[in-house]
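Undergrad: Protein chains in written order, with this note's numbering: chain A, 1 to 328; chain B, 1 to 328; chain C, 1 to 328; chain D, 1 to 328.
Don't take every hint at face value.
Copies of the same chain look alike in the list, so a pair counts if it fits in one copy or across any two.
Straight-line Cα separation of at most 30 Å, BS3-like style, residue types lysine-lysine; simulated pairs [what the hints assert, rightly or not]: (1) K312 <-> K3; (2) K230 <-> K3; (3) K218 <-> K118; (4) K230 <-> K288; (5) K4 <-> K233; (6) K118 <-> K230; (7) K233 <-> K243; (8) K78 <-> K218; (9) K88 <-> K233; (10) K310 <-> K118; (11) K4 <-> K243; (12) K317 <-> K288; (13) K243 <-> K118; (14) K218 <-> K312; (15) K288 <-> K233; (16) K3 <-> K233; (17) K4 <-> K230; (18) K243 <-> K288; (19) K243 <-> K78; (20) K310 <-> K218.
I should point out that these hints are in silico values taken from the structure, not numbers from a laboratory. Predicted, not measured: the structure shown is a model, and the values here were computed from it.
4 protein chains.
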Amino acid sequence: MGKKVRRIGVMTSGGDSPGMNAAIRAVVRTCAYYHTDCVGYYRGFQGMINGESVSLNARSVRNTINLGGTILQSARSKEFMTEEGRAKAAANLREADVDAMVLIGGDGTFRGGQVFSKEHNIPIIGVPGTIDNDINGTNFTIGYDTALNTVVEAIDKIRDTASSHNRLFFVEVMGRDAGFIALNTGIGAGAEEILIPEENLGLDRLLDSLERSRRAGKTSSIVVVSEGDKTGKNVFQLAEYVKENLPFYDARVTVLGHIQRGGRPSCFDRVLASRLSVRAVELLLDGKRGLMVGMINNDIESCNLDEALKGKHTINKDLLRISEILST
Amino acid sequence: MGKKVRRIGVMTSGGDSPGMNAAIRAVVRTCAYYHTDCVGYYRGFQGMINGESVSLNARSVRNTINLGGTILQSARSKEFMTEEGRAKAAANLREADVDAMVLIGGDGTFRGGQVFSKEHNIPIIGVPGTIDNDINGTNFTIGYDTALNTVVEAIDKIRDTASSHNRLFFVEVMGRDAGFIALNTGIGAGAEEILIPEENLGLDRLLDSLERSRRAGKTSSIVVVSEGDKTGKNVFQLAEYVKENLPFYDARVTVLGHIQRGGRPSCFDRVLASRLSVRAVELLLDGKRGLMVGMINNDIESCNLDEALKGKHTINKDLLRISEILST
Amino acid sequence: MGKKVRRIGVMTSGGDSPGMNAAIRAVVRTCAYYHTDCVGYYRGFQGMINGESVSLNARSVRNTINLGGTILQSARSKEFMTEEGRAKAAANLREADVDAMVLIGGDGTFRGGQVFSKEHNIPIIGVPGTIDNDINGTNFTIGYDTALNTVVEAIDKIRDTASSHNRLFFVEVMGRDAGFIALNTGIGAGAEEILIPEENLGLDRLLDSLERSRRAGKTSSIVVVSEGDKTGKNVFQLAEYVKENLPFYDARVTVLGHIQRGGRPSCFDRVLASRLSVRAVELLLDGKRGLMVGMINNDIESCNLDEALKGKHTINKDLLRISEILST
Amino acid sequence: MGKKVRRIGVMTSGGDSPGMNAAIRAVVRTCAYYHTDCVGYYRGFQGMINGESVSLNARSVRNTINLGGTILQSARSKEFMTEEGRAKAAANLREADVDAMVLIGGDGTFRGGQVFSKEHNIPIIGVPGTIDNDINGTNFTIGYDTALNTVVEAIDKIRDTASSHNRLFFVEVMGRDAGFIALNTGIGAGAEEILIPEENLGLDRLLDSLERSRRAGKTSSIVVVSEGDKTGKNVFQLAEYVKENLPFYDARVTVLGHIQRGGRPSCFDRVLASRLSVRAVELLLDGKRGLMVGMINNDIESCNLDEALKGKHTINKDLLRISEILST
């Protein structure tokens with residue numbers, strides 16, 4: 001299917017996530033290992049449109065495996081949503097003799113990539129990089145494990161103060177559409193309650209649970225709230241609501257915000273990024289295209305990108321039950 | 001002046017800070033070393049009023065030096081602001097044969113303690129524990145160094161995203177009245193600008209500086225804002241203002257919040273807490289009272305509590321100049 | 001099969017690993033949730049023999065999920081290897097009305113547990129807790145993920161010096177029989193070479209590889225060596241050997257040692273420990289015995305303990321290939 | 001004295017220490033601020049001899065303040081100990097129009113620098129960068145605070161295992177001639193005993209102390225040993241000696257090694273490095289030379305380099321007393 005791949009492009013797109021540099025490094029080194037040229041495009045699709053690129057060899061990526069963020073930078077590109085934009089990008093790739101692309105990012109990145117690939121017959125492989133872990137076809141996305149550790153470390157700190165002052169803390173974590181981060185960090189940090197987009201248990205249940213735990217002798221509590229929770233109240237309103245209804249609680253709010261995206265990647269994310277990206281390059285060299293690489297049951301697999309984009313990776317609802325048991 | 005000290009009480013009050021447990025441990029162990037009884041009061045002045053206490057021996061404080069928060073908990077007490085409240089506390093101490101108190105906290109704690117001490121002729125020594133570093137008579141307060149590291153580590157993470165996306169981040173840090181945290185973390189994290197309560201350089205200067213740095217080729221920037229900054233705008237309004245006036249910036253806000261109070265204390269804070277608290281007990285055993293211990297030029301000193309409370313520890317304004325030079 | 005379980009014992013045995021406390025906590029809280037008594041035995045089998053136990057309720061385990069080590073302590077017990085020792089333990093359990101045990105530990109723990117269980121007809125369930133990850137029937141053991149992060153963080157620090165001084169560092173990591181830690185941290189830390197017990201590639205290959213990487217422009221390198229590597233040389237002899245044969249390298253050695261066992265558990269290990277231990281208790285309450293719980297493909301499963309002990313969890317040798325590609 | 005300084009060179013020498021990059025950055029940015037050229041020399045004196053240099057502007061040092069190690073690398077140079085070597089270095093500087101040098105390093109660096117400066121009439125200013133904190137004329141050297149935190153964090157981890165297994169750990173830390181690291185981390189990590197080069201209390205005292213603490217109910221202990229301790233036994237021999245004499249102890253050894261030099265600098269070290277280096281450049285621009293900058297009582301001061309080199313910064317022996325009290 002098409003000509004032999006001699007030069008591979010790589011870019012990162014969407015929100016940055018820890019381990020993206022480990023992924024870039026693995027793409028570059030695997031190209032070097034197979035004597036294939038490698039070109040990095042800056043700022044995702046926008047850099048492809050603008051032709052902002054850099055030639056990358058094995059030494060270009062030294063001492064990057066441990067860095068957060070992405071050395072190729074990331075951006076959202078409205079221009080790439082137009083046919084003209086994508087045509088410019090394709091022309092740039094052709095002119096630079098780039099035969100195929102590795103796209104590191106989330107589902108928005110892959111969706112744009114698929115349209116582009118089909119319009120211009122340029123092979124792509126997707127590498128799932130996002131802290132949200134909401135992508136089908138892989139147990140874990142790059143950056144998710146690091147984000148979990150960052151959140152749990154932050155809540156551990158907040159718990160020091162919560163315990164010292166007998167306070168209730170509402171901690172908002174990332175996750176507009178998916179509760180992966182909230183659910184796992186809630187269990188990992190020993191939260192009393194966890195509010196996620198996928199399951200609205202209602203405000204009454206929250207009050208009940210907090211009152212019960214107070215009676216059970218707990219003097220401080222943490223509630224982890226996903227950005228996209230469906231209670232109809234934001235995290236500040238939630239705290240107010242609880243203060244009004246359970247006046248014995250001195251409720252406070254912390255919004256963890258952007259610290260969740262950055263930081264040195266965990267070992268898990270570095271190894272995951274490395275394994276996925278080696279495979280991505282090998283698939284391209286093997287003539288494959290339109291696939292996403294993923295980790296399933298500890299093995300690296302690949303699946304059709306269109307299939308991956310059909311649904312969302314869903315949370316394991318049994319974790320809600322685990323959380324309830326553990327907050328006894 | 002008065003009878004020999006045979007039993008010493010210890011409590012923590014005000015906002016908790018990392019290293020308070022190292023201070024408690026040092027009070028307890030020093031008492032044990034000098035064969036003096038030690039009693040811990042829970043929740044600061046309120047626990048003294050309620051008579052909520054625990055007898056502490058050398059083993060009671062094992063494996064606590066590395067814990068954030070305070071095992072004696074902390075609270076604010078309105079009742080202690082009344083004569084009746086303080087009289088109850090004094091009666092409890094007398095009944096428990098507690099001859100003197102070590103108070104670990106900030107200036108509010110010391111002010112209350114001085115009134116109490118004079119009314120009831122109970123010797124006290126203050127140990128400065130607060131992340132704000134705003135106390136006269138010591139170069140450093142317990143918890144301040146840890147808080148600086150927590151903030152800088154958080155901003156390092158935010159910078160990963162800022163650099164990856166060419167963004168401007170406003171990061172709010174603690175410090176209602178004092179700019180110590182903002183100033184030092186601003187320099188430590190390489191911030192473009194630092195806004196502190198002590199010095200209002202005006203919004204025009206902020207815009208000028210950001211515009212200049214953009215022209216100088218900087219693509220991302222961090223502005224560290226103290227809670228108590230005097231621009232007249234909160235951190236969200238500041239970000240809006242900059243977006244309106246410098247539309248090329250994609251400005252975001254992160255409020256670090258309560259993660260700044262918690263966490264494992266740094267070595268510096270553990271050693272500081274240990275040295276100050278050993279001295280506090282030794283001073284009481286030596287018949288001294290009404291003093292605060294502090295670290296001056298790396299030595300442990302003591303000063304009159306009333307003197308310490310007369311003014312505020314002021315920032316070194318030369319650091320603003322350093323910051324300006326380094327954000328060139 | 002046998003009487004209803006009304007009181008469950010829990011213990012930790014073998015080398016401690018981060019997350020053991022999260023496992024204990026989950027056992028205790030799950031018992032509380034199902035209104036079942038819970039008893040902790042100190043120091044593993046030895047505490048069962050000595051009858052050193054503590055009654056545990058939901059509040060006993062507060063603020064422990066984030067602690068390294070094990071609050072129930074661990075020990076090796078020669079006495080438990082004798083029939084008399086095990087008989088004493090069984091008598092103690094019977095006297096205390098403990099109907100079943102949850103054993104948290106590695107394969108040595110499970111082997112001893114199985115003998116005991118069959119001799120005295122006491123149901124047990126095993127929860128895999130060891131940093132070595134060498135247990136069949138689970139993708140991950142509790143503590144392994146944290147140990148990977150600890151090692152990678154340490155090597156990141158060593159790399160700072162290696163890069164600054166153009167040095168070659170040999171870093172010895174734990175793993176007497178299994179190369180899981182070496183292999184994954186080697187990839188995660190970007191090591192040049194990885195020496196593991198499972199695969200002896202020979203010293204010539206090591207010299208070749210180091211010489212090639214020097215010629216390719218690398219000025220510093222890390223070699224990760226598993227304790228149990230099969231080169232026939234220990235890590236210090238390896239460094240000497242390389243210095244003699246490749247005199248341009250200034251080779252140094254660091255043995256990471258016991259820091260690998262400790263530390264706050266990662267979020268992954270906390271969630272893993274929680275999920276496994278909830279299931280362990282539920283299985284016992286459900287009348288099951290002689291099983292080990294494990295995580296397979298992100299789900300909690302259980303397998304027969306005798307089956308689990310038949311073989312060893314084997315490394316994925318494809319990771320050696322990945323490592324070779326990435327050190328290009 | 002001599003011509004106006006228009007181009008300043010900067011280098012790092014001796015063992016690397018965290019914060020050296022913050023120092024380089026501050027030298028570079030301060031030069032830029034004062035419209036002065038800045039040239040970096042690689043690998044310390046050896047790079048000056050070889051003329052291995054790089055022109056540095058404000059953007060060259062972006063995103064370096066948080067990195068361990070030194071981007072200019074470091075090395076020891078035998079050639080610089082010869083007149084010929086120094087003459088070559090001087091010739092290179094003259095040819096490159098470098099008028100003055102900022103030397104970042106320890107006393108060996110400053111000693112070599114002073115000989116060079118006097119022979120060739122090239123102004124130098126020393127910036128104290130070493131984890132050992134053994135330099136006169138400053139309360140703190142760059143990297144020392146970070147090293148303390150690294151060591152304490154490592155011992156915290158070891159303590160998890162020590163407590164879980166009732167073990168005695170001997171932990172060797174850096175410090176061949178000075179006990180600063182051992183003394184402060186020993187207090188910060190709650191060690192039972194601390195062995196330093198400056199004070200040999202004898203092996204009997206060690207045994208006495210360990211036996212006493214065992215009787216007092218301690219079940220695990222940490223002994224921190226400085227590399228240069230004067231017991232006449234290395235850390236492994238010490239452990240053997242204790243095992244023979246106190247057989248109830250299961251004594252283990254960990255040598256922390258090179259992890260102590262690396263890692264992200266603490267906020268303290270970043271601010272210290274920044275303040276010292278701004279001053280170093282300002283002194284050169286002001287016509288000063290032969291000085292070392294230092295922090296005394298929280299202020300930046302300077303002293304004569306020859307004076308600084310006359311003695312060693314000595315430990316505060318009162319800390320030994322504090323340690324004894326706290327290990328009660």
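Undergrad: Each hint: holds or not?
TA: Right, here's what the structure says about each hint:
Taking the shortest alpha-carbon separations for K312 and K3, neither the intra-copy value of 33 Å nor the inter-copy value of 45 Å comes in at or below 30 Å. With identical chains, the CA atoms of K230 and K3 are never at most 30 Å apart, being 49 Å at best within one copy and 45 Å at best between copies. In this assembly of identical chains, K218 and K118 lie within 30 Å of each other by CA distance neither inside one copy nor across copies; the values are 58 Å within and 37 Å between. In the homo-oligomer, the alpha carbons of K230 and K288 never lie at most 30 Å apart, since the shortest distance is 41 Å inside one protomer and 39 Å across protomers.
With identical chains, the CA atoms of K4 and K233 are never at most 30 Å apart, being 55 Å at best within one copy and 45 Å at best between copies. In this homomeric assembly, K118 and K230 never come within 30 Å of each other (Cα to Cα): the closest approach is 37 Å inside a single copy and 51 Å across copies. Proximity of K233 and K243 under a CA criterion of 30 Å is satisfied in both settings, with 14 Å inside one chain copy and 27 Å between copies. In the homo-oligomer, the alpha carbons of K78 and K218 lie at most 30 Å apart only across protomers (24 Å), although the nearest pairing inside one protomer, at 50 Å, exceeds that limit.
Neither within a single protomer nor between protomers do K88 and K233 lie at most 30 Å apart by alpha-carbon distance, with minima of 44 Å and 43 Å respectively. When the C-alpha separation of K310 and K118 is checked against a cutoff of 30 Å, the pair qualifies only within one copy, where the shortest distance is 17 Å, while the shortest distance between copies is 51 Å. Taking the shortest Cα distances, K4 and K243 never come within 30 Å of each other, neither inside one copy (65 Å) nor across copies (44 Å). Taking the shortest Cα distances, K317 and K288 sit within 30 Å of each other only across copies (24 Å), while inside one copy they are farther apart (35 Å).
Taking identical chains as interchangeable, the C-alpha atoms of K243 and K118 are never at most 30 Å apart, the minima being 55 Å within one chain and 38 Å between chains. Proximity of K218 to K312 under the C-alpha cut-off of 30 Å is found in neither arrangement, the shortest distances being 37 Å within a copy and 38 Å between copies. Within a single copy, K288 and K233 get their C-alpha atoms no closer than 47 Å, and across copies no closer than 44 Å, so neither meets the 30 Å cut-off. For the homomeric pair K3 and K233, neither the shortest alpha-carbon distance inside one copy (55 Å) nor that between copies (49 Å) is at most 30 Å.
Within a single copy, K4 and K230 get their C-alpha atoms no closer than 49 Å, and across copies no closer than 41 Å, so neither meets the 30 Å cut-off. Proximity of K243 to K288 under the C-alpha cut-off of 30 Å is found in neither arrangement, the shortest distances being 57 Å within a copy and 45 Å between copies. In this assembly of identical chains, K243 and K78 lie within 30 Å of each other by CA distance solely across copies; the values are 19 Å between and 43 Å within a copy. When the C-alpha separation of K310 and K218 is checked against a cutoff of 30 Å, the pair qualifies neither within a copy, at 44 Å, nor between copies, at 40 Å.
Violation of the numbered hints given earlier is confined to hints 1, 2, 3, 4, 5, 6, 9, 11, 13, 14, 15, 16, 17, 18, 20; the remaining hints are satisfied by the structure.
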